[in-house]
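Here's the letter readout for the chains.
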Amino acid sequence: MTKINFIACPECDLLLNPARPLLGEKVHCPRCGYLLQRPRKQSIERTFALSIAGFILIFPANLMPLIGIKMLGNSKDGTLWSGVISLFEEHMWGIAILVFLSSILFPLLNIILSLLISTSLFFNKPNRYLANWMRLLQHMDEWAMLEVYMLGMIVACVKLASTSELKFGFGLYAFVALLIITGMLASSLDKVLFWRYINQLKK
Amino acid sequence: MTITSLGVGEPHTIVGGILSLIHAGMVPIAMLVLVASILVPLLKLLGISLLLLNVHYRWQGHAKKWTVLYRIIAFVGRWSMLDIFMISILVALVDMGRVAQVIAGPAATAFAAVVVLTMFAAKNFDPRLIWDNQR
Numbered sequence: 001m002t003k004i005n006f007i008a009c010p011e012c013d014l015l016l017n018p019a020r021p022l023l024g025e026k027v028h029c030p031r032c033g034y035l036l037q038r039p040r041k042q043s044i045e046r047t048f049a050l051s052i053a054g055f056i057l058i059f060p061a062n063l064m065p066l067i068g069i070k071m072l073g074n075s076k077d078g079t080l081w082s083g084v085i086s087l088f089e090e091h092m093w094g095i096a097i098l099v100f101l102s103s104i105l106f107p108l109l110n111i112i113l114s115l116l117i118s119t120s121l122f123f124n125k126p127n128r129y130l131a132n133w134m135r136l137l138q139h140m141d142e143w144a145m146l147e148v149y150m151l152g153m154i155v156a157c158v159k160l161a162s163t164s165e166l167k168f169g170f171g172l173y174a175f176v177a178l179l180i181i182t183g184m185l186a187s188s189l190d191k192v193l194f195w196r197y198i199n200q201l202k203k
Numbered sequence: 001m002t003i004t005s006l007g008v009g010e011p012h013t014i015v016g017g018i019l020s021l022i023h024a025g026m027v028p029i030a031m032l033v034l035v036a037s038i039l040v041p042l043l044k045l046l047g048i049s050l051l052l053l054n055v056h057y058r059w060q061g062h063a064k065k066w067t068v069l070y071r072i073i074a075f076v077g078r079w080s081m082l083d084i085f086m087i088s089i090l091v092a093l094v095d096m097g098r099v100a101q102v103i104a105g106p107a108a109t110a111f112a113a114v115v116v117l118t119m120f121a122a123k124n125f126d127p128r129l130i131w132d133n134q135r
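So the protein lines, in turn, are chains A and B. Following my numbering, the numbering of the first sequence begins with 1 at its first residue and continues without gaps. Following my numbering, the numbering of the second sequence begins with 1 at its first residue and continues without gaps.
No wet-lab data here; the hints were simulated from the structure. All figures in this text were calculated on a predicted structure; none of them were measured in a lab. Don't take each hint at face value.
[As the list claims (entries may be wrong)] Calculated pairs, DSBU-like style, for lysine-lysine (alpha carbon to alpha carbon, straight line, at most 30 Å):
1. B:K64 - A:K191
2. A:K167 - B:K65
3. A:K125 - A:K191
4. B:K65 - A:K191
5. B:K65 - A:K26
[What the hints assert, rightly or not] Computed footprint of chain A on chain B, listed as stretches where at least three residues anywhere in the stretch have a Cβ under 8 Å from a Cβ of chain A:
6. 59-67
7. 81-95
8. 110-116
9. 125-132
Think of the CB as a built atom: it goes at the ideal place given N, C-alpha and C, for glycine as much as any other residue.
Required output: the full structure, derived from the provided sequences and hints.
Listed below in structure tokens is the structure:
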């Protein structure tokens, strides 16, 4: 049987001949304009390095105080967790779980999965879960919302600034660094290349 | 959410929050909240309905524009979580018993449900349907 070598555009199902773009080129679907591939320099190495950096940063970003306030003589520090815990104490289970998932669990899983995948690709170690991890990572991308959390934090600071004294903790610096790292991670990960390597490792 | 300050409790709505930001002179931030928490969810629901009508009645032409609409809806959804995160931060920070306290209200759950459900709705819409109907 001759091997059919076509790819289908994931957004409009147009059958296409796969292209092998060079660095700096972008491949768009000719019909709907979907960005099919955008090769990155040293995609695997960079993803590997960035996910290690992210894995280190996620601990201070989670555990150390982000912002503290001083109001009428009382002071209080807020971490990523304290919002979740306070919401739980007020019996707002739904929101507490939602905030926990989108600001703590999914960003963490995102980084762990990138680390696992890029480690096995970097060291050429086949793993039977690789495809599952990759699929999970693609599904979860949207639900890790660190950058939205950052904006929420800015709005909260603006609201508090008039009535209380704000101070920024070390956790905030780690959080901002983590934000930058996850942004770079998302752009360095070339999905088409990763899937091709995963496929090659299986054989 | 309810904000208690010096023993006086006052429920705050999203619209009220935007108005008080405008009164405080924070117009850009007020616009940000307005866009993220009112305009985006509303326009998103409208957009998804239009996409479904398009697919159901097999409207012809402009398939690329419809695909762009789908992409905007899918991209923009997560930013509405801004308000939920803001509440979670305020609830954690402003917690000084009777002096000053922020308590999340019932609308917070409803709003979170809107955001999550519309995100699922956008995820479950298959843009290929737009192209399948074109002759």
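Evaluated hints:
For the hint pairing B:K64 with A:K191, the CA-to-CA distance comes to about 24 Å; that is within 30 Å, so the pair holds. For the hint pairing A:K167 with B:K65, the CA-to-CA distance comes to about 46 Å; that exceeds 30 Å, so the pair is violated. The straight-line distance between the Cα atoms of A:K125 and A:K191 is roughly 18 Å, inside the 30 Å bound, and the hint therefore holds. For the proposed pair B:K65 and A:K191, the alpha carbon gap of about 26 Å is at most 30 Å, so the pair holds.
Between B:K65 and A:K26, the direct Cα distance comes to roughly 21 Å. Compliance with the 30 Å bound is thereby established for this hinted pair. Evaluation of the coverage hint for the segment 59-67 of chain B: fulfilled, as 3 residues show C-beta separations to chain A shorter than 8 Å, against a requirement of three. Here's how the segment 81-95 of chain B fares: 15 of its residues keep a CB closer than 8 Å to some CB of chain A, so the rule of at least three is met and the hint holds. Coverage of the segment 110-116 of chain B by chain A holds [criterion: at least 3 residues with CB-CB distance below 8 Å; count 3].
Residues of the segment 125-132 of chain B lying with their CB closer than 8 Å to a CB of chain A number 5, which satisfies the three-residue condition for coverage.
Of the numbered hints given earlier, the model fails hint 2 alone.
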